[in-house]
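*Asks:* For reference, the chains in residue letters:
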Amino acid sequence: MMQAVAIPPFERFYEEHRSDVLRLLRRRLGADRADDAFQETFLRALYAYTRLEHGEHLRAWVLTIAQNVALDMLRRTRPTEELVEAPAADSRPAYAELADLTDGLGPKERAAVVLRYGYDLSYDQIASALGSTPDAARQATSTGVRRIRRRIAS
Amino acid sequence: MTVSPDLDRRFREAAATLGLVDVGFDIVDSPIGELLVAASDRGVASIWFDPDPARDLERLARIGGPRVLRSPRCVDAARRELDQYFAGARRSFDLPLDLRALPPFTLEVLDELARVPYGETTTYGALAQRVGRPRAARAVGTVMHHNRIPIVLPCHRVVGSSGDLTGYAGGLDRKVTLLELEGAR
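Chain order of the listed sequences is A and B. The opening position of the first sequence corresponds to residue 1179 in the working numbering, with each subsequent residue numbered one higher. The opening position of the second sequence corresponds to residue 126 in the working numbering, with each subsequent residue numbered one higher.
Chain A with its partners taken away, still in its complex shape (with noise of 0.2 angstroms):
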């Protein structure tokens, strides 16, 4: 059996992927709602943290909780916010380019989407950003990419 990764003492984890949280959230929700979306984030991520049972995939399952509040927080203002997207001073990462694209997906598909194509992570990753499997990542992907050809193409 290989051996887990171990679990990196909070501080550590918070250290190294807040810069990353906070950059999404921006993109996602703009620079004054972000704040409370990172705060959000990493309360989550402390909640769940005692459950991890192995410290791999890290950055990948923080991005997923974050794009989740995201989606949260999207869902309690008007929809048409939905749509706005923070100017960016420098050109917009792959994964602010999916936010559009993707707005009208379950956010199971939406996040599986998103952590393929704007973060290129494997299925596995996925998977364990997820809490579900290979196969269930790579179908949940594949049927958000089919939902949104179908709505570019009506």
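No wet-lab data here; the hints were simulated from the structure. Here the structure is a predicted model, which is why all the values come from computation and not from measurement. Do not rely on the hints blindly, as some may be mistaken.
What the hints assert, rightly or not - Negatives, chain B to chain A, calculated, CB over 12 angstroms:
id, residue
1, E237
2, D298
3, L306
What the hints assert, rightly or not - Restraint ranges, calculated between C-beta atoms of paired labels, are given here:
id, chain 1, residue 1, chain 2, residue 2, range
4, A, S1332, B, I152, 57 to 67 angstroms
5, A, D1278, B, M126, 12 to 22 angstroms
6, B, I152, A, I1330, 52 to 62 angstroms
7, A, G1284, B, P130, 30 to 40 angstroms
8, A, L1230, B, T267, 26 to 36 angstroms
9, A, R1324, B, P221, 57 to 67 angstroms
10, A, I1330, B, M126, 22 to 32 angstroms
Every residue gets a Cβ at the ideal spot worked out from N, C-alpha and C, and that includes glycine.
Since the structure of chain A is provided, determine the placement of chain B on it from the hints.
*Replies:* Quick look at chain B alone, frame taken from chain A:
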């Protein structure tokens, strides 16, 4: 993307307020150098000299759990009492302590250690005597050396039978400073 100090502070505050931290720590300034002070919901869990996050975070996780977070709020009480102690305004500590996972012999020795009064010294042999193990002076010395809550549990007040300082996990200079502060030298 840099997380602003304000946002960082707010997250750490919220985490501590919601009770989501297993072990909170902060760096506390003192006349004997920076101290890494850590506390859990049970009380003060450790005070270490010469903080080194690369090493200390794992040690803290082993004491209390993986949710180790720097959080000034978690060590407010300890910081206050330590400040008073170093200012000469406090002679004993009222802090609850987290002594989880320590073996029975260690707990007995630390319990006796805690009774050694401010400004006085005792010997390893005398402490061994008091826990009913008169021949265990060396084992008592080992407990002192691994005392994870120095200053509050005053291992600096324990000296060799001939009165020499013997040793101190934080270095002899610190032992001297603490004893001088207490007027024991």
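*Asks:* Now look at each hint and say whether the structure bears it out.
*Replies:* Cross-check of the supplied hints:
1. Annotated as non-interface, E237(B) keeps its C-beta farther than 12 angstroms from every C-beta of chain A; the closest such distance is 32 angstroms.
2. No beta-carbon of chain A is positioned within 12 angstroms of the beta-carbon of D298(B); the least distance is around 30 angstroms.
3. With a least beta-carbon separation of about 31 angstroms from chain A, L306(B) lies farther than 12 angstroms from that chain, consistent with its non-interface assignment.
4. The beta-carbon spacing between S1332(A) and I152(B), approximately 59 angstroms, falls within the hinted interval of 57 to 67 angstroms.
5. Taking the beta carbon of each, D1278(A) and M126(B) are about 21 angstroms apart, inside 12 to 22 angstroms as hinted.
6. Hint check: I152(B) to I1330(A), Cβ distance near 54 angstroms, so the stated range 52 to 62 angstroms holds.
7. For G1284(A) and P130(B), the hinted distance range of 30 to 40 angstroms is satisfied, since their beta carbons lie about 37 angstroms from each other.
8. For the pair L1230(A) and T267(B), the beta carbons lie near 35 angstroms from each other, so the given range of 26 to 36 angstroms is met.
9. Look at R1324(A) against P221(B): about 59 angstroms separates their beta carbons, and that is inside 57 to 67 angstroms.
10. The hinted window of 22 to 32 angstroms between I1330(A) and M126(B) holds, with their beta carbons roughly 30 angstroms apart.
Hint check: no violations occur; every hint is consistent with the structure.
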